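2 protein chains.
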Amino acid sequence: MFRKLLTIEEAKQVLEQSFSPKPVGVEHVQLSEALDRVLAEDVVAAMDVPPFNRAAVDGYAVRAADTFGADEDSPVILKLCGHVSVGESPSVVVEKGTAAEIATGAPLPQGADAVIMMEYSIQREGDLFIYSPVSRGENVMKAGSDIRKGETVLKRGQTLSSREVGMLAALGLTKVGVYKRPKVAIVSTGAEIVEPGKPLPPGKIYDINAYSLSAAVRECGGEPILLGTVPDEADQLKAALNKALSLADVIVTSGGVSVGPTDVIPRVLNALGQPGVIVYGIASKPGKPTTIAIVEGKPVFSLPGHPASSLLMFYLFARPVVYSMTGRREESPLMLRAVAASKMFSARGRRTFVTVNLTRDKSGRLIASPVPLGLSGAITTLARADGFIEIPESQQFINAGDEVVVRLFQPTSYVALLTE
Amino acid sequence: MFRKLLTIEEAKQVLEQSFSPKPVGVEHVQLSEALDRVLAEDVVAAMDVPPFNRAAVDGYAVRAADTFGADEDSPVILKLCGHVSVGESPSVVVEKGTAAEIATGAPLPQGADAVIMMEYSIQREGDLFIYSPVSRGENVMKAGSDIRKGETVLKRGQTLSSREVGMLAALGLTKVGVYKRPKVAIVSTGAEIVEPGKPLPPGKIYDINAYSLSAAVRECGGEPILLGTVPDEADQLKAALNKALSLADVIVTSGGVSVGPTDVIPRVLNALGQPGVIVYGIASKPGKPTTIAIVEGKPVFSLPGHPASSLLMFYLFARPVVYSMTGRREESPLMLRAVAASKMFSARGRRTFVTVNLTRDKSGRLIASPVPLGLSGAITTLARADGFIEIPESQQFINAGDEVVVRLFQPTSYVALLTE
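So the sequences go chain by chain: F and D.
Under my numbering, the residues of the first sequence are numbered 1 to 420, in order.
Under my numbering, the residues of the second sequence are numbered 1 to 420, in order.
Please note: incorrect hints may appear among the correct ones.
Each pair of labels, with its calculated beta carbon distance range [as the list claims (entries may be wrong)]:
#1 20(D) / 360(F): 25 to 31 angstroms
#2 177(D) / 384(F): 26 to 32 angstroms
#3 93(F) / 297(D): 35 to 41 angstroms
#4 335(D) / 223(F): 46 to 52 angstroms
#5 119(F) / 392(D): 24 to 30 angstroms
#6 246(D) / 9(F): 55 to 61 angstroms
#7 343(F) / 135(D): 19 to 25 angstroms
#8 119(F) / 384(D): 27 to 33 angstroms
#9 297(D) / 399(F): 53 to 59 angstroms
#10 367(D) / 239(F): 40 to 46 angstroms
#11 335(D) / 342(F): 41 to 47 angstroms
#12 228(F) / 91(D): 24 to 30 angstroms
#13 246(D) / 74(F): 55 to 61 angstroms
With a cut-off of at most 20 angstroms between alpha-carbon atoms, the simulated EDC-like pairs for lysine to aspartate or glutamate come out as follows [stated by the list, open to error]:
#14 288(D) / 33(F)
#15 238(F) / 331(F)
#16 288(D) / 390(D)
#17 79(F) / 48(F)
#18 198(D) / 195(F)
#19 175(F) / 393(D)
#20 285(F) / 58(D)
#21 142(D) / 58(D)
#22 183(F) / 331(F)
#23 175(D) / 296(F)
#24 198(F) / 10(D)
#25 142(F) / 127(F)
#26 343(D) / 331(D)
#27 155(F) / 41(F)
#28 285(D) / 119(F)
#29 288(D) / 58(D)
#30 285(D) / 58(F)
#31 183(F) / 33(D)
#32 198(D) / 48(F)
#33 285(F) / 119(D)
#34 198(D) / 58(F)
#35 183(D) / 16(F)
Output of the computed footprint for chain F on chain D, the stretches with three or more beta carbons under 8 angstroms from beta carbons of chain F [what the hints assert, rightly or not]:
#36 11-21
#37 305-319
#38 356-362
No lab work stands behind these hints, which were simulated from the structure alone.
Since we're looking at a predicted model, the values are computed, not measured.
Here a beta-carbon is modelled for each residue, glycine too, at the ideal position from N, C-alpha and C.
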């Protein structure tokens, strides 16, 4: 077991070399449940949409050639031969010299190749007076003009919005193959941790991480499995991790890591299988004790116990993995430029993350004000922060007024900041 | 029933005067289901977090005054009086001249007011040699330093992200009061409409709108209720609308409106109750037949049958209403500046919406290329579009190269375009 703290980039590289995130399988869901899911297959149209030539306006189905030369002074006169309603299969045939009344959306009857708008014609005693010619195909929605049979209309990897769901419905589909959501088991460790809702004995605190992390798992498209709290004790931890490995595709633990000889988690992880621990401590602040292992081909992220540190490390390491396992292309981090509101110091030799709150000054510039994590890695702090700034290992501080790049926690705050 | 087509702004104004969107009620959900919900109540902390003074480091709990004057040459020597583990209620009391070993996160024992880091002390035969002084409160996470009892930690109207969920867990809460999702009934009308999954007889087409609109309802935080398809016939339509009014807070119909004397929907809506139809046709393209009514105090949006038109009109009129009914502040439209790729014409005297696809040119400029809706108001078209441009009534066209403002359909495409 190596003890050298890796840099953030080294740790990411080791993780990438040891684990390639891939979707974990395919399931078929109802169209009404397909929103925001990721297509696991190309969708090829098995039919034309619309399936037949349709009238695009209310009017008369005609043979375009019959109308040539019609004008306001010398109308063409056609015999009315019938009527086509929406939704019916027309029995009437439009022979040369005839026209059939037709409603918007109704199928063009046999023989007809255009529709004259109601406005350009007059009906009188079974005759139709046409005052303007139409060309072939005019006012006709051609079969297959929206979707052509055999066309690939949606591609594997696309996320389904309301618009793509509409396309699937147009093809008459009721189910669609999407990638399964990766399952992420969440284990909280520590003798002091009590589940919310239970009485709180002296010396104990409520479990924050299980809930904040499982919400963070959902936010990136995973399905959290809450496995409760286990003490920092090898046998119980081993049992909990074995259960997690049997139920989930990714495991996240929090607490019980501190990069020291008494650490139980790395020992248990190494005992569970090869390669075991691949990252044992990171040269970052916060997040130093972060430990990453691969066991049974599954990534295990052992995050610090402090709520803000564990959530921050989740964003940096676990979120990109879970996100990719949903079948989507890699996520672009949400970055905004801002101006530092005050001087911010780094921890010597460690990548330092400063959580910041963003506001606009009078001139509209975005101002990043540090929200210190404090001793407790306070969850309230994090809830007040919009994102974080990185200070490189080589840099001692950021000065007030310096331009900084802020990485945002969520698209919603990103959008809110840009549109406000 | 008035026939004058309203402008988009007039229609919005009439709607605002007739209906004030408000949350429809409160429900209490489990913390694990609270993500993305909107708080219906201020959350006031019923306890301190942490609930007691905690050691922030591994070390020794001391009385700070005992350590004053300690330095590397003349250490202070204290008697070890015990040990405090994480999660226990300490029985030891730190009297003057004594120190207790303590683990990170363990409760500070009575008498102690600071923690000496392990690194600055040496333990030898029951004595502790201290080489550096600490001040009161040093390395101590004070009770209430994260959240103070009585503090309002979250405000009504806040949307809960992973960070806010963590705060609720910190307080030991298992349930939280959130606004109910507004229920939106969706009715498709038209004799030609068949539900996906069923066989498609000649002359019929599959129902697109029920699925694209219900996904659009979910996208803005509502809960869709699919009520199926009804023919354009007064009695059946009336029955369907009555059912919709009994089940939902908002009603959306599609198809069966064309602003003409044969229109069934406006007549049925007016017969159902006062004020009935408030907007009967809009001077826009597409979307002209859009009809809005208020019946039993609930808004009814009767949208065109063409899939793209109905989705566009949903975005413009229904989405802001449903969004506000979720309890969130009004949504800021997502706007981006781009350059028109080609000339785009407007429909004379009507607000024209041109759906566009956004790409970047070599110099990084955003280029808006029109995706024409075509005769069919094609759903495929809409799926290819990122957003839309408005051309005012007074303007005949937009020239290629003109700067345009594109309103985007979704935050995700907004983020993707800005981060790519």
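Each hint tested on the structure:
1. As the Cβ distance of residue 20(D) to residue 360(F) is approximately 29 angstroms, the hint placing it in 25 to 31 angstroms holds.
2. In this structure the supplied range 26 to 32 angstroms is violated for residue 177(D) paired with residue 384(F), their Cβ-Cβ distance being about 22 angstroms.
3. Checked against the given bound of 35 to 41 angstroms, the beta carbons of residue 93(F) and residue 297(D), roughly 52 angstroms apart, lie outside it.
4. The supplied range of 46 to 52 angstroms is broken by residue 335(D) and residue 223(F), whose beta-carbon atoms lie about 34 angstroms from each other.
5. One distance hint, 24 to 30 angstroms for the beta-carbon pair residue 119(F) and residue 392(D), holds here, with the actual separation near 26 angstroms.
6. The hinted window of 55 to 61 angstroms between residue 246(D) and residue 9(F) holds, with their beta carbons roughly 59 angstroms apart.
7. Taken as a hint, the range 19 to 25 angstroms holds for the pair residue 343(F) and residue 135(D), whose Cβ atoms sit roughly 23 angstroms apart.
8. Distance hint check: the CB atoms of residue 119(F) and residue 384(D) are about 32 angstroms apart, consistent with the given range 27 to 33 angstroms.
9. Here the CB-CB span from residue 297(D) to residue 399(F) is close to 58 angstroms, well matched to the stated 53 to 59 angstroms.
10. Hint check: residue 367(D) to residue 239(F), Cβ distance near 58 angstroms, so the stated range 40 to 46 angstroms is violated.
11. A C-beta distance of roughly 32 angstroms is found between residue 335(D) and residue 342(F), which places it outside the suggested range of 41 to 47 angstroms.
12. At roughly 28 angstroms, the beta carbons of residue 228(F) and residue 91(D) sit within the given window of 24 to 30 angstroms.
13. Roughly 58 angstroms separates the CB atoms of residue 246(D) and residue 74(F), a value that falls within the hinted 55 to 61 angstroms.
14. For the suggested pair residue 288(D) and residue 33(F), the alpha carbons sit about 31 angstroms apart, so the restraint of at most 20 angstroms is broken.
15. For the suggested pair residue 238(F) and residue 331(F), the alpha carbons sit about 33 angstroms apart, so the restraint of at most 20 angstroms is broken.
16. Only pairs whose Cα atoms come within 20 angstroms are accepted, and residue 288(D) paired with residue 390(D) is accepted, the gap being roughly 15 angstroms.
17. Only pairs whose Cα atoms come within 20 angstroms are accepted, and residue 79(F) paired with residue 48(F) is rejected, the gap being roughly 32 angstroms.
18. A hinted pair counts as satisfied when its Cα atoms are at most 20 angstroms apart, and residue 198(D) with residue 195(F) does not qualify at roughly 48 angstroms.
19. Proposed proximity of residue 175(F) and residue 393(D) is contradicted: the alpha carbons are some 42 angstroms apart, above 20 angstroms.
20. Taken as a hint, the residue 285(F) and residue 58(D) pair is honoured in the structure, with Cα atoms around 17 angstroms apart against an allowance of 20 angstroms.
21. A threshold of 20 angstroms between alpha carbons decides the hint, and for residue 142(D) with residue 58(D) the separation of about 16 angstroms falls inside it, so the pair holds.
22. The suggested pairing of residue 183(F) with residue 331(F) holds, with an alpha-carbon distance near 19 angstroms, which does not exceed 20 angstroms.
23. Taken as a hint, the residue 175(D) and residue 296(F) pair is broken in the structure, with Cα atoms around 36 angstroms apart against an allowance of 20 angstroms.
24. Distance hint between residue 198(F) and residue 10(D) is unfulfilled; the C-alpha atoms sit about 55 angstroms from each other, more than 20 angstroms.
25. Between the alpha carbons of residue 142(F) and residue 127(F) the distance comes to roughly 27 angstroms, so the proposed pair goes past 20 angstroms and is violated.
26. Between residue 343(D) and residue 331(D) the alpha-carbon distance is near 31 angstroms, which puts this suggested pair outside the 20 angstroms criterion.
27. With a C-alpha separation of about 7 angstroms, the suggested pair residue 155(F) and residue 41(F) falls inside the 20 angstroms cut-off, and the hint holds.
28. Only pairs whose Cα atoms come within 20 angstroms are accepted, and residue 285(D) paired with residue 119(F) is accepted, the gap being roughly 19 angstroms.
29. A distance of roughly 71 angstroms separates the Cα atoms of residue 288(D) and residue 58(D); the hinted pair therefore is violated under the 20 angstroms criterion.
30. Annotation: proposed proximity of residue 285(D) to residue 58(F) holds, straight-line Cα distance about 18 angstroms (limit 20 angstroms).
31. Annotation: proposed proximity of residue 183(F) to residue 33(D) holds, straight-line Cα distance about 16 angstroms (limit 20 angstroms).
32. Pair hint residue 198(D) plus residue 48(F) holds up; C-alpha atoms about 16 angstroms apart against a cutoff of 20 angstroms.
33. Proposed proximity of residue 285(F) and residue 119(D) is supported: the alpha carbons are some 19 angstroms apart, at most 20 angstroms.
34. Our distance criterion of 20 angstroms between C-alpha atoms is broken by residue 198(D) and residue 58(F), whose separation comes to about 28 angstroms.
35. At roughly 44 angstroms between alpha-carbon atoms, residue 183(D) and residue 16(F) are farther apart than 20 angstroms, so this suggested pair is violated.
36. Under the rule that three or more residues need a Cβ within less than 8 angstroms of chain F, the assignment of the segment 11-21 of chain D is violated, with 0 such residues.
37. Coverage of the segment 305-319 of chain D by chain F holds in this model, with 3 residues showing a Cβ closer than 8 angstroms to a Cβ of that chain against a need of three.
38. Under a criterion of three residues with beta carbons nearer than 8 angstroms to beta carbons of chain F, the stated coverage of the segment 356-362 of chain D fails, only 0 such residues being counted.
Hints 2, 3, 4, 10, 11, 14, 15, 17, 18, 19, 23, 24, 25, 26, 29, 34, 35, 36, 38 from the list above are not met by this structure, while the remaining hints are.
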